[in-house]
Structures are given as C-alpha cells and as structure tokens.
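Spelled out from the first residue to the last, the chains are:
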Amino acid sequence: MLLRLLLREVKRIAADHSLVLTLLLAPLVYVFFYGSIYQYKAEEEVPIAVVDDDRTGLSQTLITQIDNSQMVNVALRTTLEGAKESMYQGHTQGFLYIEKGMEQKVLSLQQADMVLAVNAARFLPSSEVAGAITQIGLTVGAGVRLQYLQKKGMNTEMSMQEVMPVNVDYRPMFNSRSDYGTFLLPGLIAMILQQTLLIGLAGGSAAERQRGSISEWMQMAGGNASVALWGKGLFYFLLFCAYAYFFLTVNFRVLELEILGSGWELAIITVIFLLSLIPMGIFTGLLFKSQLLATQLMVFSTYPIFLITGYSWPLSEMPPFVKAVSYLLPITPFLGLYQGVVQQGAHITDRLPDLYHLLGLWCFYAAICLWKMRSLYKPNAVAHAV
Amino acid sequence: MIRATAQIALREWKRILTRKDHYIVLLVLPAFLFFFYAFIFDKQQAEDLPVAIWDDDRSAVSRQITFLLEQTASIHITASVSSETELRQLMQEKKIIGAVHFPKNMEKDIKSRHPVKVAVYTNASALIPSKLVYKDAAGVIITAGSGVNLQKFMKTGMTEGKAMALIMPVKLQLFTLYNPTYNYQNYLVPGLVTVAMMMMIIMVTVLIFNKEWEEGTEQELAEIGRGNAGVVFTGKALAHLTASWINFALVFGIIFPIFSMYHAGTWWSLFVMFNLMSLACIGIGAMVSVIMLDVMLALDFGIFYTSPAFVFSGFTFPRWGMPWYDQYYAAIMPYTPFLDAFFKLYFMELPLRYAGPEALRLLLFIGFTFFIAVFFLQKRLDKTQTHAAPVTAS
Chain A
0 MLLRLLLREV KRIAADHSLV LTLLLAPLVY VFFYGSIYQY KAEEEVPIAV
50 VDDDRTGLSQ TLITQIDNSQ MVNVALRTTL EGAKESMYQG HTQGFLYIEK
100 GMEQKVLSLQ QADMVLAVNA ARFLPSSEVA GAITQIGLTV GAGVRLQYLQ
150 KKGMNTEMSM QEVMPVNVDY RPMFNSRSDY GTFLLPGLIA MILQQTLLIG
200 LAGGSAAERQ RGSISEWMQM AGGNASVALW GKGLFYFLLF CAYAYFFLTV
250 NFRVLELEIL GSGWELAIIT VIFLLSLIPM GIFTGLLFKS QLLATQLMVF
300 STYPIFLITG YSWPLSEMPP FVKAVSYLLP ITPFLGLYQG VVQQGAHITD
350 RLPDLYHLLG LWCFYAAICL WKMRSLYKPN AVAHAV
Chain B
0 MIRATAQIAL REWKRILTRK DHYIVLLVLP AFLFFFYAFI FDKQQAEDLP
50 VAIWDDDRSA VSRQITFLLE QTASIHITAS VSSETELRQL MQEKKIIGAV
100 HFPKNMEKDI KSRHPVKVAV YTNASALIPS KLVYKDAAGV IITAGSGVNL
150 QKFMKTGMTE GKAMALIMPV KLQLFTLYNP TYNYQNYLVP GLVTVAMMMM
200 IIMVTVLIFN KEWEEGTEQE LAEIGRGNAG VVFTGKALAH LTASWINFAL
250 VFGIIFPIFS MYHAGTWWSL FVMFNLMSLA CIGIGAMVSV IMLDVMLALD
300 FGIFYTSPAF VFSGFTFPRW GMPWYDQYYA AIMPYTPFLD AFFKLYFMEL
350 PLRYAGPEAL RLLLFIGFTF FIAVFFLQKR LDKTQTHAAP VTAS
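Here the protein sequences line up with chains A and B, keeping their order.
Numbering-wise, numbering that gives the first Met the number 0 puts 57 at position 58 of the first sequence, and it's gapless, one number per residue.
Numbering-wise, numbering that gives the first Met the number 0 puts 146 at position 147 of the second sequence, and it's gapless, one number per residue.
Cut-off 20 Å, straight-line C-alpha distance, at most; resulting in silico cross-link-like pairs (SDA-like, lysine to any residue):
1. K94(B) x Y355(A)
2. K103(B) x A59(B)
3. K19(B) x L292(A)
4. K99(A) x Q109(A)
5. K94(B) x H346(A)
Everything labelled a hint here was simulated from the structure, so no lab data went into it.
Construct all of the structure, not just a fragment, from the sequences and the given hints.
As structure tokens, then:
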C-alpha cells in the first residue's frame, strides 16, 4: 500500500511541472547557486580611501602595512573632501586620515592622531576593517616603543619583552579563520533542504485540496490517515535523504567544508529532521485551498524562519513571542544538533535537549497532520464523483 | 485613452482586492512580516553572552581583569573551567560561547617584565556572538596591558602625556558612521523589509496577464483597453504602483517610526527610488506574465528570480567578495541598484543626486521590460481579438 501511494505521488509530481521544478530542480540549483556566493569564505580587500597629509616615512610605512593586509585595499586620495565623496559615491567603504606632522609628533614623544571613519551601514566589512586597522595601529605603536627602549640602551631581547607586557592570543575554535562562509554555508545548506521540501510539499498538498483528490488519496490508503501520510511522505523522505547525502558529501567537498563529528550521528538527526518536516509540510499545505497561494506564502517564510532559528542571532536575545515561534520549528533543534555535529565535533549526547525537542516536534506535526487529513476526508466523495 | 487607462487601473484594483493570491501578498502579509522582522531584533544588540573563565593564575590581576570583562556589554561570566578540554565540552553543549584563559604566574610575569599571553577562546562556528565576545575581551586585555606599560613608564619619571604617547604613539580615532553602535535592528530590518517589498511586487505581477487568460477574462480586458497593449499595461502598472505605495507608507510611516528607525528628511528621495524599483519590478513581472501563460510556471520563475535577491545584493556579504558570475547575477536584479541607492539615501542621508547611477540602471530595467511586455501583450491582444471576432460575427 505504501508503495502504491509512493507511485501515486511520483505520477502527481511528474504531471505538475511546478512541483518538478520545486522538488527536483530547485534543491540542486540553489545549493550550488547560493553556495558559490561564499566560495571565497571571507570578504577581503575592502576599499578604503586614505588621505596622507604627513607624507613621511612613518605614514608611508603605515599605509603600506594597511594595504598589505588582506582586509583592506587602499585607494589614495589627496583631500579629505575627495575621500568623503568617494565614500558617498559608494566607491570606498570609509576613509583614513593621517594628520600632518604625525612622524614628528611620534619622534618627540607626543601622541599623534589618525582618524578612521568606516561606513557601518555595511555591517560586515566595516567591523572587519576597523579591527584590521586597529591591529596595525597597535603594531606600529609596539614598533615605536621598541625603538624608544633600544635607544634607552636596552638590548633587543629585553626591549621585545617590554613592548607588549600583556598580549591577546585569539583562538577561534571550530572555525579557525573566523570566516563568514565556514559559519554560514552549513546552515544555508540545511535551510535549502528544508525550504525546498516544505515549499514542494505544501504546494503539492494544497493542490490535492484544490483538485479535490484528498478522498482518493485517503481511500488508496484504505481510509487509514497514518498510511496515507507516510505513503505519500515516503517518496519525499527517500528523495530528500538522497539530497541530504549529496549535499553533505559533494557540496561540502566542493565548498571545502568539513564534518567534524560523526557521520552516523549526522545521518540520524537528518532522518528525524526530514520525518518531522514531512507532516509539517503536508499540514501546512492542507490549510490552503490554492496551490498558488500556498507556494507564495511558503516562499516568504524562508527569511523569517532562518532568522529565528538562533543560527545567526542568539535565540536568547529574541523576544519571548519570537522564541515561542522558533521552538515550534523543527529546524531550530535540528540546527542546534547539526551545528554541534558538523561544525563543532559534538555528539548527539552533548545536545540531548535538542534531540528530545526535535522528536517532540515530529510527534506534534504528525498528530496535527493526521487530524487535519481526517477532518478533510470525505469517504464517499470518490464514489459520488464516479 | 486616459479614460481607458483609468478603467483598466480601476479594474485591476478590484482584482487586487478580490483575489487572495493578490491581496494577501500585497496587503495582508506585509503588515505581519514587516512587524515580525522588526520585532526579532527588538533588543538591537546581543548582550550578556555566556563566557567561561579559565584562571590558572588566581591572582589579584586576573580577578581584576575578570571583573572588567564582566563589565562589558557582551560578556557575562557563567562558568569556571580548568582545561581546554572542559571549555571545548561546554561549547559543544552550547553552555558557553567563549572563554578567557589567564596563564599561571601571569601577575608574577608581568611584574618581572616577562610578556604574558591571555588567550581568548570563542566558538567561531557561531560567528556573530563570537566576534562580539572577542572584541570586548580584547579591548579589556589590551587596556590592561596598556595600564601596565603606563605604570612602568611613569615610574621612570616620565609624564603621563609622554607615557601615553609611548603606549599609543598613534591614537586611532574611530568613527563608525551611520550605525555607531552596530545596532542589528537598524542594520538588518530595512534591508529585509525592502527586499520583501520587491519580492511581493514581482510575485504578484507575474500573475497579472496570465491570470486573465486562465480565468477567460482576456476578451473583456482587450475591450476595455480598446485592444491597445500600451493602455492595458499602463492601467495595470498604475494599479500595482499605487498598491506598492501602501507598503511604502506602512514601512516609512508606521513601522520605522515605531521602532525608531525613521530617518527624517529621507522619505521623499526614498519614495522616488522606491517608485523606480516598483516600476522595474512591475515591468519584470508583467514581462514574465505575458510570456508565460502558465500561472504556476510564471510564479516559479518569480520565486527563482527573486529569492536570491537579498544575499546576492551584497547586503550581508559584499558583492566584491563573490565570484564574478554571481556579481553578474546580482546585476540583473532591480534590488541591487535599489539597495546601493538605499544605502546612500537612507543610511547615509545623502541628497538624491548621489543615487543617479542607480536610478539610471533602474530606468534601463524599466525601459527594457516595459518594451518587451507591451510588445508581447499586443501580440496576445491581437490574437484574442482575431479569435473573438468570428465568434462575435457568428
């Protein structure tokens, strides 16, 4: 019976080009398409205008060091106005101003000023540039101290020890380069898997209702809603298990991503995740009488869902209402488990609350989906139609 | 001609108000979605993230630095660990986002002029909180190091000014323009809202012509428009343009003021650019709608075309960091020039003239899509009238 329902689903999808596109083409296209954006993982060479009114050896050294850093691409400007205009036009993301007499001040033990203005409206590059230039400023400062101490008669080894008595040793774990791509790509891949499945399932289920074929579907399952649910779901389950395997092997390799934890544990949580998404997708679709509307609205769910999973913005920082919505989404506990296994080498046992949460949502969505299917099932509808 | 255009526009408005796939997407969903976006980031900044202390020194200095770390906005000390294995385990259990390690004999080494390294560990697989914790922790540790140097130089009889000049010979004055506190709500919500507005317009306008043929109302449409594609197109475009104004008013008149995101003096120039983007979106949607008579296929095109707009536009990850082919894809979406102009007009509050290049690109979108849409629509209308004429005659 499950096989008959599976074949029915295959025929339905084959006859509906929208479902073919959403379920068969979109996951593969999207995963390569979106993945390619973050191929280089980190943003580099952010253009910054530099105005050097000092024009000395020290200012030149400083500019060369800044330009040599991976993060900044120096664009020299002769006036401050020109530098500002360049930022206003969108050609540069900020400007650095080196005052006249900087070297002289430094040599005569007076503090010199350097002004850095970054366009923080563009969040990511501005904070990275500010961090990189601050670091270079500190290094230059250390060099000046070193020279001062050496002039005072201290030997190189001693003065090196004196220069920076307390240093920061940054050790980013699980993403040693702290780059955006390594952070975002695994979550993005999981999101593509979920959204293509949900949009396809919801659209397909709404189409069942729109075309009045729910009774036929249920009768093929002998009137048993559970058989109908999992018979229909079996096709999606097998298809998306294949996609998940493909994404986590081929795409991870292409994008140079690593799975730090156990592959088997990852497989277990992915299976539970897909099993919870199937009734959720069918239930959502059955709320609509129009395939068009169901598809439209599901598309608009992508960004809100991703934003409230806690992947990019800590869940603890969200308002209680948003948290409550987030807890109703299987992807929230799934990403907790998945991020642990894939990106941090954790075991499922390290995140048992997430596992119980995910299992609970599987039961919850299966229950409400079965209830909805039964409420829409009219046993005599097929007979009457015949 | 004007009367016919107005009739088409009025008829389209009736269609917008009576079709769920039109009014839900254009008028109901925006209110819910835009409030929700603003609400997610209501706290604006992430604060008090759980951080562990690994104190192998247990000295007055380590306690002082720990106290200073707790005073920062992002760090909240929630655990004490005694090894890297332990802190790794706590990160894997999602109990901490970072840790600070004070090495053994830190205080003694500082006093005996041996440099020390204070390690800052963060869970960089959660990038945003990780960077916040690092920024605050590094700030505290560097300040502590500078304090040590300051005391040393002053002990040699140096004045405070000279000592400071040695500690920081070149003082970097940092100005983070347009979003000085790195407020997440101010940064993300305008982008999310505007991209949703673009998606909404395209997702509905891909249905404006093919639905007529699906519902069998194309004859009526042709008659009201007197068989003139320009009239029909203009009427429908006017209706959708005015519908988009409702969302503009919702965003800039209600949501932004409520969540303190309103930038006074920018609304007029934004309205000009918004109209250009809306017209470009209407042109794209109409072009698809008239070429693809299959409604679901047209919608699928709309989804495939618009979904990537946000990430490809360079809002979160700069376009110059993407491979060249992705940059080309970004260039064929009207949201990309709109966003570049939006940065200038909304965030930077610059005069409209700075958005000239972006306005020109949007005008090119409009010119191209309007021409194609009207051309194909005229062919369809001609065919409709040719088919209808014998029926009417018989």
